[in-house]
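Chemist: Please build the complex by placing chain B on the supplied structure of chain A, with the hints as guidance.
Those protein sequence lines, which keep their order, are chains A and B. Residue 568, in the numbering used here, is where the first sequence stops; the numbers in between run on with no holes. Residue 1116, in the numbering used here, is where the second sequence stops; the numbers in between run on with no holes.
Rather than coming from a laboratory, the hints here were simulated on the basis of the structure. Only a predicted model underlies this, so the values are computations on that prediction, with no experimental measurement involved. Where is the CB? At the ideal position from N, CA and C, for every residue including glycine. Possibly wrong hints are sitting among the right ones.
Quick partial rundown of chain A residues pointing at chain B, CB under 8 Å, derived from the structure [unchecked claim]:
1) Leu219
2) Arg313
3) Glu557
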Amino acid sequence: MTSSLAPRVAVLLLAAILPAAALADTRLATERGTNWPAVLVFAAFVVVTLGITRWAARRTRTTADFYAAGGGITGFQNGLAIAGDYMSAASFLGISAQIFADGYDGLIYSTGFLVGWPIILFLLAERFRNLGRYTFADVASFRFGQTPVRLFAAFSTLAVVIFYLIAQMVGAGQLITLLFGLPYGFAVGIVGVLMTLYVMFGGMIATTWVQIIKAVLLLGCATVMAFAVLASFDFSPDALFARAIEVKSGLAAAAGAPPAEAAARGASIMAPGNFIKDPISAISFGMALMFGTAGLPHILMRFITVPDAKAARKSVLWATGWIGYFYLLTFIIGFGAIVMVASNPAFLDPGGGLRGGGNMAAVHLASAVGGNLFLGFVSAVAFATILAVVAGLTLAGASAVSHDIYASVLRHGTAKSEDELRVSRITVLVLAAVAILLGILFEKQNVAFMVSLAFALAASGNFPVLLLSILWGGSTTRGVLWGGLVGVLTALVLTVLSPAVWVTTFGFAEAVFPYSSPTIFSMPLAFLAIFIVSKLDRSDRAALDRAGYLEQRVRSETGIGASGAARH
Amino acid sequence: MTDTTQLDSPPADTIDARPLLEVARDPRYLQLVRERSRFSWILTAIMLVVFFGYILLIAFAPELLARRIGGGVTTLGIPLGIAVILCGILLTAIYVHRANRRFDPIIREITQRPGP
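Bound-form chain A, shown alone (with noise of 0.2 Å):
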């Protein structure tokens, strides 16, 4: 029943966006007509993705291929997976948009993206794999006292999961407003609906096969626009680097600055500028995304797919390599951007600013590289990126409650197999309209924090418990409770309290919290109480804690007793 109603609900679906398409009514689209080649590059990219929707259905039996794919994902087809759940539209359009503006501060934010997944391999990724079965919190909780660093492994996930939805609701909601022509609220409830079809029916192998075609899709259209970038400047970055110099001085002469301090503005681009502001923020933003990445637990869930710790060690390697290329293709693109975007008034406003927004560089590049048949390839792809990543923290927030709350610590374990995935598609369902509800409620405010929030969250509280319960033979259920508490708590008060949220929401005068991310203090802090509490404990489940690790430790080292890919 239910694998037929997936292509059925993609008929109605489709037979409502064509429609509104033609009719949209908005900024780009009317400027330039309906694309139609976007909307039919994403019509076909939904009828493919709902089609393995279907397919995937019919092979999602069990718990274990709702949540793990069976364990049948290879290590190859993993990384590919990891690349799309991690490359966001945040970091394709975001990363790109920030050269388009400052130039050289946006590979610093490339570097920061990149840096965590050799620590996940070196530190996490392979026993990880050896103790989990679906979640994070199979591994956090492994040989604690289950309902307390379950509850809050699960509460942790669902905060790391709701403001990162958040971010790409919004983002998607006005992405596709523009590129459509939808209006707002239609659009984010696209991505709402969309999602909860591959994550409710297709469960983990649908998710997995979105990811891989979205990695695909998107490291072919970042490729084809960086080397035509690159083939009108002769292959030379040289080159292209003095145009974009040339083009960002004449646009501060024109805008009425002396020549000295145009060339001067012009020449900044090459060279780190706003992003840092104090060393502090620097080194603690950079923390945030080093081992906020390691933290993730919609990315950790990922080495739950494949069946043994030397596919999860292979599939980082893919993962980095494929994530490494796109970022260097990304600063290509902003450069290229500057070249081609900036100086072209068919892509700006009458101000001056970039038509449709400051995060349209990418989108406009295309058009100038591959007129409109390539803009509409890109907006589409760009729309399928969303789509993946909603998609695997859907699944993440829904395996949180399903797993976790209801499986594990109310039912203890005794579960049936078929009540958990009810269970788990109801909340898919839930979580669908909490993001569609809280993408409308969000749509003017500034949500540009919260992706960075999400990171802090899961370097001050996930990172640290898994780690320390890993890695530290000491560490106990209390010890790792109040330690990630205090870490979540730390990096979310001190998140209210600093400029982008005090300020730029509420409107005080001056933050609390002088720094832009909480992470240089609030990690530590968390290691700190972790250490501090197991130290001091001397519960009797202290005693079953630490008397547990050495087991756990063989089997994290070695892959004994590790949950094996399913025979099917």
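Modeler: Okay, now just chain B, sitting in the frame of chain A:
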């Protein structure tokens, strides 16, 4: 509550595996854990030094990164930033290479139940 079901009941497919506590005393296991931990932490330390070194350069010596190199307009900051990314990929590859060649065979040896 004291739920230790996970420790008491390994999945059915591991019945032929060696008992965990026996492995824990195996000198080959102890040697593996020591060697792999050291290797992992060294690579982790390199990555931390490279990345936070880069961030500290940006914070305290931005003019160094703005210095032009090679006669064109390209600044030192650009190859350095790209090098941080490439270094991440390279370290990952080094780890995988060594884990495949050196650690996997030892693990296979350790986990197999000795023949009759």
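Chemist: Determine for every hint whether it applies to the structure shown.
Modeler: Each hint tested on the structure:
| no. | hint | in the structure |
| --- | --- | --- |
| 1 | Leu219 | 15 Å, violated |
| 2 | Arg313 | 5 Å, holds |
| 3 | Glu557 | 6 Å, holds |
Of the hints listed earlier, the one the structure fails to meet is number 1.
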